[in-house]
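J.: Residue-level listing of the chains:
Protein chains: 4
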Amino acid sequence: MDKTAVAVVGASGYTGAELLRLLIGHPRVQLVGLYARRAAGERLPDRFPQFAGRLDLPIEPFSVDDVAARARVAFSCLPHGESSPIVAQLYQRGLTVLDLSADFRLRDPAAYATWYGHPGDPLCREALYGLPELADPARPFRGARLIAVPGCYPTAALLALSPLVRAGLVAAAGIVVDAKSGVSGAGRTPSAATHFPEIAEGVRAYKIAGTHRHTAEIEQELGTSGIVLTPHLLPMSRGILATCYAEPTDPARPAEAYADWLAAFYRDRPFISVVPTPPDTAHVRGSNRAHLFATLDPRARRVIAMAAIDNLVKGASGQAIQCMNLALGFAETDGLDAIALFP
Amino acid sequence: MDKTAVAVVGASGYTGAELLRLLIGHPRVQLVGLYARRAAGERLPDRFPQFAGRLDLPIEPFSVDDVAARARVAFSCLPHGESSPIVAQLYQRGLTVLDLSADFRLRDPAAYATWYGHPGDPLCREALYGLPELADPARPFRGARLIAVPGCYPTAALLALSPLVRAGLVAAAGIVVDAKSGVSGAGRTPSAATHFPEIAEGVRAYKIAGTHRHTAEIEQELGTSGIVLTPHLLPMSRGILATCYAEPTDPARPAEAYADWLAAFYRDRPFISVVPTPPDTAHVRGSNRAHLFATLDPRARRVIAMAAIDNLVKGASGQAIQCMNLALGFAETDGLDAIALFP
Amino acid sequence: MDKTAVAVVGASGYTGAELLRLLIGHPRVQLVGLYARRAAGERLPDRFPQFAGRLDLPIEPFSVDDVAARARVAFSCLPHGESSPIVAQLYQRGLTVLDLSADFRLRDPAAYATWYGHPGDPLCREALYGLPELADPARPFRGARLIAVPGCYPTAALLALSPLVRAGLVAAAGIVVDAKSGVSGAGRTPSAATHFPEIAEGVRAYKIAGTHRHTAEIEQELGTSGIVLTPHLLPMSRGILATCYAEPTDPARPAEAYADWLAAFYRDRPFISVVPTPPDTAHVRGSNRAHLFATLDPRARRVIAMAAIDNLVKGASGQAIQCMNLALGFAETDGLDAIALFP
Amino acid sequence: MDKTAVAVVGASGYTGAELLRLLIGHPRVQLVGLYARRAAGERLPDRFPQFAGRLDLPIEPFSVDDVAARARVAFSCLPHGESSPIVAQLYQRGLTVLDLSADFRLRDPAAYATWYGHPGDPLCREALYGLPELADPARPFRGARLIAVPGCYPTAALLALSPLVRAGLVAAAGIVVDAKSGVSGAGRTPSAATHFPEIAEGVRAYKIAGTHRHTAEIEQELGTSGIVLTPHLLPMSRGILATCYAEPTDPARPAEAYADWLAAFYRDRPFISVVPTPPDTAHVRGSNRAHLFATLDPRARRVIAMAAIDNLVKGASGQAIQCMNLALGFAETDGLDAIALFP
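Protein chains in written order, with this note's numbering: chain C, 309 to 651; chain R, 309 to 651; chain L, 309 to 651; chain X, 309 to 651.
Worth flagging that the hints you see were computed from the coordinates, not collected in a lab.
You may find that some hints are simply not true.
[Unchecked claim] No farther apart than 30 Å at their CA atoms in a straight line, the calculated lysine-lysine pairs in the DSS-like style are these:
1) L:Lys515 with C:Lys311
2) X:Lys515 with L:Lys515
3) R:Lys311 with X:Lys311
[What the hints assert, rightly or not] A few chain L residues that face chain R, going by a derived Cβ cut-off under 10 Å, partial list only:
4) His334
5) Gln338
6) Tyr399
7) Val491
8) Ala494
9) Ser499
10) Thr502
11) Ala508
12) Glu509
13) Ser533
14) Met544
15) Ser545
No experiment lies behind these values; they were computed from the predicted model shown.
C-beta atoms are modelled at their ideal positions from N, C-alpha and C, and glycine is treated no differently.
Whole structure, please, built from the sequences with the hints as guidance.
T.: Structure (structure tokens):
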């Protein structure tokens, strides 16, 4: 069976490296090019020593012609704003493109001015929001050529909340998402905020009170507004735990109804487990799985729903590959069946 | 000036050691005895090497007569259920007693059966809840002889929320406290849940949905019920961050009103700072300070209030010393003026 | 192609779980049974939630008959002293057995009294020491039925040192191995020494000055005595870095000769990379690779050789699978080709 | 008693902040000015929130006249090369100056070209090397006006080794110092090497084989050459553990002789403890203490000596204050008597 040629654009950061880690083990694809701006000219192991002896490819300067000539599928890990023009070109050249930036996640181009401070690309109207477990059956992945891979916080929050909201088990209004993230979500570029001694042995929130851009994605996909998203930075490299609070539509419903519904909703989905106790991000590290949990606080009449994912896998690169698998008609789990690395 | 003789009962765990660390530097007290059950017979540095060369005291088996003969003040760091009979005896012998267990925190003895599964000690009616910044002026600390030192989660949650609730800025109903704790809050006894590889690089909630006993304290002190308390365990040793969500009574009130009110409320309190950005537990580590923050999420019409404390200091041993200072008429900051250790 | 039936005995600890993680992805084997003493009766995901939805097997009480009836290959992750009688029985029943304990690593049964305080099993004379990269060509792995999988410290130290000693580039006498280990090497049983707050933000040595049992293995395989092995415990879960010091036989030899020789020696070995800068354990986490480095300190006339491995993979379970692959004639990298999980 | 006016130049980094933390609690000094280049114009709590509510001083641009007008004592935390001209000016204006950079640590100005790549300041001949426990009695601290505060690695290595070398218990030749450091030693400026995800869960050596500049200091103070210094970066913020290997001059000397001699040598020193088991950096965190240990590996005939310090305290700012105390005739422990913060 011929392998599909894939290229990674923006290969110098953590999501790029994570794509490479996963694509190497993918049975249906062949990596044909790595592209980056600053890192162009380096070889991959110079930048990411974990590839030493395994993938000694050069990192090349990006060229649409070059990518289009070599690859049928392209992943873009470029920053938002930089990604859309390149993605648009690759898309117009006929490639299937998976964009890990935010540039195509919002369906309304006008929303970009509000949330991102720059105009949206009109092409975002055509993009498919790449959260397969929650996708609209009317818009199949098979054959999709432009997929906007969701953000890490939205993936976690939506997996925990969407089935409950859609089924009317909880109110769509008044939802609070208190999210805890590892530092790799901030990327590989060093900053004062992510310097080791500033992170170790501490925890803090950031971009709170409606200022984190992922709020827009969560609201769009839940079909509501007024979501509270409070991201926190924790002293760990990977993982997102979303602890979500919502009001039950019927406070008399038994506590187990919420987890039961999640289990039923995701029954056939290969990457979702509803676990019997509050999930731990350590148990999904390095895997494309989400561990979910939900219950009712009967005294407070509040539903608590949780999702633990690896922000670089199910929250980014793994989900991108899952989307590619579905778009190209591969098995959904191809290249994604590794067990989490614990401890 | 004569120094006051103090004893520590239950000196073998983290809160006991933290008391010793702070008491050594206290200008008005003299440590006259350390008592423990299992560790009796050891010397302090055998158990806690940080005291090598500094406090080479023996850990002795507990005896009421012995403590009463030597000390005027006793701190109890015994586990709940074990603490109350010993505290009661020391109290009856005329000592000033600061109890770090939960045995006297709830004012209603009957509540203990519900939350702790054992009867309450009727003496709890006489105990003063030792959160000085929020104390009832009608019940002064000066001269108090039985003080129940609050739990770590309640200290953080109440410092952030109480002024807002009392002033009617937020509703007392429908409050969510999403709390993030370091592992030292679980004590020094090893367990599967606190084994290093089970904690590192992960985060999880525990005792959720109204099952954590600190819920009762928070509700008692806020004068409400139906609080959601969701404790999480983080890969750090010290620190609690309480991220609290509440409904504003007037959504049109400006966002800065909440922090302004906290700053006004705590204006003269030596251990409280309202900080300009979301607080980080790393910035209070080892100190008795609380860093607070509050704002409004205008889109969601929700107030977000945060407190960062060191769970072993302001959340336990430091607060106990603060209470002692007030009870004995010392300066409130005696022995507690160290700057946080950062990084 | 029929898959080979394998069983894991002692499946309740970290090395057991790591074997399962790797065996699930192995193309040539079929897992037919998990056995443990204390955990018998549980299902695997109860004990290791990372397997939720992936491997919902029961953990069964061990029985030789049962294992022999089901499996052709058995891995033992039992503690030393407990492992040898069970391994001996399985071996006598004709299974290929890979023992991850120390019970068959030393070739001289009498050495066990000295180092382990109990008699050795005479069968240890027949066991093959399972470090394939350094194996004696006269004792091929193909067909071996009893393989003693090396300890984690010896694997790291020997990979860095053996080629240099064998080639006479460094003296066999006077070698110092300063080793830094993650905490998972201590197993999953909680202890005061491995309680999270006792490990975080600190580093200490343990079992120094010739008291760590792995010293015997290193000396046996280097064919020398008087090795200094100083193990240190670091605040991380996985990884061993061995920093080794040895005297060059010719101080005038250029510094690059040492790395060059390592590269030449391991030229065709799939799991070894000689890297251009001192290796980081983070770059091999979760993989069966070793990153090596060597140079001369010309001022001090000392050779410094380093190896970074994942103690649970190349230092235990991955190496066990590598040995099985060779013993059964599979490709050496079967099931072991994952890239390290970084960050 | 009048307090001595002190200023801190280079107050924007970790050693500057650590000085401030300690000086605030010092009974004999008054902080009269903070100076920095980049951070000038900020207030201290903007840069270091741990000072919120405690030390709300402005950070001012440096001026010799200003410092000389206000302060009698100045600490310089400027980088090497930048520090010496400023220190020289302050010294010439009659201040007592404690330089935390390397600019005056080497006694031979010519050595700077070799190790630092820039000329040395001839004034280095007059500076006192500020390691009080090992100082030459012929050069008293009392009255010294220019003190070069030692580096963190030299402090740890010398405390463990110097008494043994001086007494002839170990050979001065052939010493290996394998050192493990927390990340704060690299300062507060973010870099790719100290980005949280690059450090967490890993360990690596850097500047090995005679390339770390602290090698020169260790050799100078031991009066030898050919020391091997191998620094390692660990996933922790503070702490240095130096594990030192040396040859005993008499292999028949009992193992306890080495620790006994260290204990005797440091008998009256307030900051040194010889501990009964290998020391842990966690037990000296935040304190000016050193925990030492030494023994013989009888099989290998090698002495192993260890020192654990906090790199920012005994390895930098605490030691600077200790030197100031001695220079000004204060009690040696003034401002430095805090117990380590553990856990």
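J.: Hints the structure violates: just list their numbers, smallest first.
T.: Those not satisfied are hints 1, 4, 5, 6, 13.
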